[in-house]
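Q: Sequence:
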Amino acid sequence: MSSQCQLFHCLPIPAGSKDDVFELQALRMVLIHNQLIRSFNSLIYYSGEVQPNTSKYNSFIAYAGEAINLLHHHHENEEVMYFPFLESKLGKGSMGDNVDGHEAFKGPFHKFEVLVTKLRSGEAQWDLATFRQAIYDFLPVLREHLGEEIDTLRPWQLRGKFTAEDLLGFEAAMEKHIMATASLVKDPQLQFVNGDSAPHGAWFPPIPPPIAFVTRQVLWHIHSDWWQFGSCDKYMRVKPQFAPYEPVMENKEAPAS
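Terminal number for the sequence shown in the working numbering: 310, no gaps in between.
Derived from the structure by calculation, the hints contain no laboratory data.
The model shown is predicted, which means the values in this text are computed figures rather than measured ones.
Treat the hints with care, since some could be wrong.
Listed next, with one range per pair, are the computed distances between beta-carbon atoms [claimed, not checked]: (1) Y288 - E156: 25 to 31 Å; (2) P105 - D73: 47 to 53 Å; (3) Q294 - P263: 48 to 54 Å; (4) M302 - T170: 23 to 29 Å; (5) G101 - S250: 21 to 27 Å.
Straight-line alpha carbon distances no greater than 30 Å define the calculated DSSO-like cross-link-like pairs of lysine-lysine that follow [stated by the list, open to error]: (6) K142 - K305; (7) K109 - K159; (8) K71 - K239; (9) K71 - K287; (10) K229 - K159; (11) K214 - K292; (12) K145 - K71; (13) K145 - K159; (14) K292 - K164; (15) K171 - K229; (16) K145 - K292; (17) K287 - K109; (18) K305 - K214; (19) K145 - K287; (20) K109 - K292; (21) K239 - K229; (22) K229 - K214; (23) K292 - K239; (24) K214 - K145; (25) K171 - K159; (26) K71 - K164; (27) K171 - K109; (28) K142 - K214; (29) K71 - K171; (30) K292 - K305; (31) K239 - K287; (32) K145 - K239.
C-beta atoms are modelled at their ideal positions from N, C-alpha and C, and glycine is treated no differently.
Full structure from sequences and hints, please.
A: Below, the structure is given as structure tokens:
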């Protein structure tokens, strides 16, 4: 069991532009993956500041449940929509290593999810070391997978296999799916408090300004007690204690042809 507070570095940001649909794929995926890393970092950190049988503790456990849901939703979107789309042109099984990567941490992640469920119901008793160890049991494997997955989405792997129209068509379908399944009182808020601000990802998530305003200034208050546990404030400005783990720019070039 570990009561030590060991946090994890975000993934480096690939070079590229969000306005190039080929470069967007890896760039956006890194931003999403860093949201996941930040959310679990925040659970590790703030677990040391809560005590059972308090309103703050109840809010923290609810926030932990949202971090779990974020990972589930992300991997479901990948396995149901994104990976099959990529395999349609890259070849059947080309995303197999990514799916295997999901399986690699599924067992210990499930144990963490069960722990959070039992803490929420009162079936389990709070223990800081047990809680943190449950995260440490899956997060190193998860982070390794999140980094490896980016190499399957490099623009030089997609060009020549897909057209810009192919990718843009899928972008529209995925956006429609996400909008149909998202919760405006939970999902944007969780992404904001674990997001990349300037200079790397202030544009993500790509929420229209009027909706972003409503989620931050109106809907925020529904669960504001949850969002206090994020790595960032509502404007995606990283908190000082998490700043040493923020991403750097990646130094990786396309392989010589």
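Q: Confirm or reject each hint.
A: Tested hints:
1. The supplied range of 25 to 31 Å is broken by Y288 and E156, whose beta-carbon atoms lie about 36 Å from each other.
2. At about 49 Å, the CB distance of P105 to D73 agrees with the hint of 47 to 53 Å.
3. For Q294 paired with P263, a C-beta distance near 32 Å fails the hint of 48 to 54 Å.
4. The beta-carbon spacing between M302 and T170, approximately 39 Å, falls outside the hinted interval of 23 to 29 Å.
5. In this structure, G101 and S250 meet the distance hint of 21 to 27 Å, their C-beta atoms being roughly 25 Å apart.
6. Distance check on the hinted pair: K142 and K305 sit about 24 Å apart at the alpha-carbon level, within 30 Å; holds.
7. Of the supplied pair hints, the one linking K109 and K159 holds, its CA atoms being roughly 29 Å apart against a limit of 30 Å.
8. This hinted pair checks out: K71 and K239 have alpha carbons roughly 25 Å apart, not beyond 30 Å.
9. Note on K71 and K287: the hinted pairing holds, with a Cα-Cα distance of about 22 Å set against a maximum of 30 Å.
10. A hinted pair counts as satisfied when its Cα atoms are at most 30 Å apart, and K229 with K159 qualifies at roughly 28 Å.
11. Using a Cα cut-off of 30 Å, the hinted pair K214 and K292 is violated, with the two alpha carbons roughly 41 Å apart.
12. The straight-line distance between the Cα atoms of K145 and K71 is roughly 27 Å, inside the 30 Å bound, and the hint therefore holds.
13. A C-alpha spacing of about 23 Å is found between K145 and K159, which places the hinted pair at or below 30 Å, so the restraint holds.
14. Taking the CA atoms of K292 and K164, the gap is near 29 Å; set against the 30 Å cutoff, the hint holds.
15. Note on K171 and K229: the hinted pairing is violated, with a Cα-Cα distance of about 34 Å set against a maximum of 30 Å.
16. The hinted pair formed by K145 and K292 fails the criterion: a straight-line CA distance of about 43 Å is larger than 30 Å.
17. Among the hinted pairs, K287 with K109 is consistent with the structure: their alpha-carbon atoms are about 19 Å apart, no more than 30 Å.
18. At most 30 Å may separate the alpha-carbon atoms for a hinted pair to count; K305 and K214 meet this at roughly 21 Å.
19. For the given pair, K145 sits about 41 Å from K287 by alpha-carbon distance, which is inconsistent with the 30 Å threshold.
20. Pair hint K109 plus K292 holds up; C-alpha atoms about 19 Å apart against a cutoff of 30 Å.
21. Of the supplied pair hints, the one linking K239 and K229 holds, its CA atoms being roughly 18 Å apart against a limit of 30 Å.
22. This hinted pair checks out: K229 and K214 have alpha carbons roughly 24 Å apart, not beyond 30 Å.
23. A C-alpha spacing of about 20 Å is found between K292 and K239, which places the hinted pair at or below 30 Å, so the restraint holds.
24. Between the alpha carbons of K214 and K145 the distance comes to roughly 13 Å, so the proposed pair stays at or under 30 Å and holds.
25. With a CA separation close to 18 Å, the supplied pair K171 and K159 stays within the 30 Å bound.
26. Under the criterion of a C-alpha separation no larger than 30 Å, the hint pairing K71 with K164 is inconsistent with the structure, at around 36 Å.
27. A distance of roughly 17 Å separates the Cα atoms of K171 and K109; the hinted pair therefore holds under the 30 Å criterion.
28. Restraint check for K142 and K214: satisfied, since their Cα atoms lie roughly 6 Å apart, inside the 30 Å limit.
29. Restraint check: the Cα-Cα separation between K71 and K171 comes to about 41 Å, which exceeds 30 Å; the hinted pair is violated.
30. Taking the CA atoms of K292 and K305, the gap is about 28 Å. The hint holds against a cut of 30 Å.
31. The straight-line distance between the Cα atoms of K239 and K287 is roughly 12 Å, inside the 30 Å bound, and the hint therefore holds.
32. For the proposed pair K145 and K239, the alpha carbon gap of about 35 Å is over 30 Å, so the pair is violated.
Violated hints, in rising order: 1, 3, 4, 11, 15, 16, 19, 26, 29, 32; the structure is consistent with all others.
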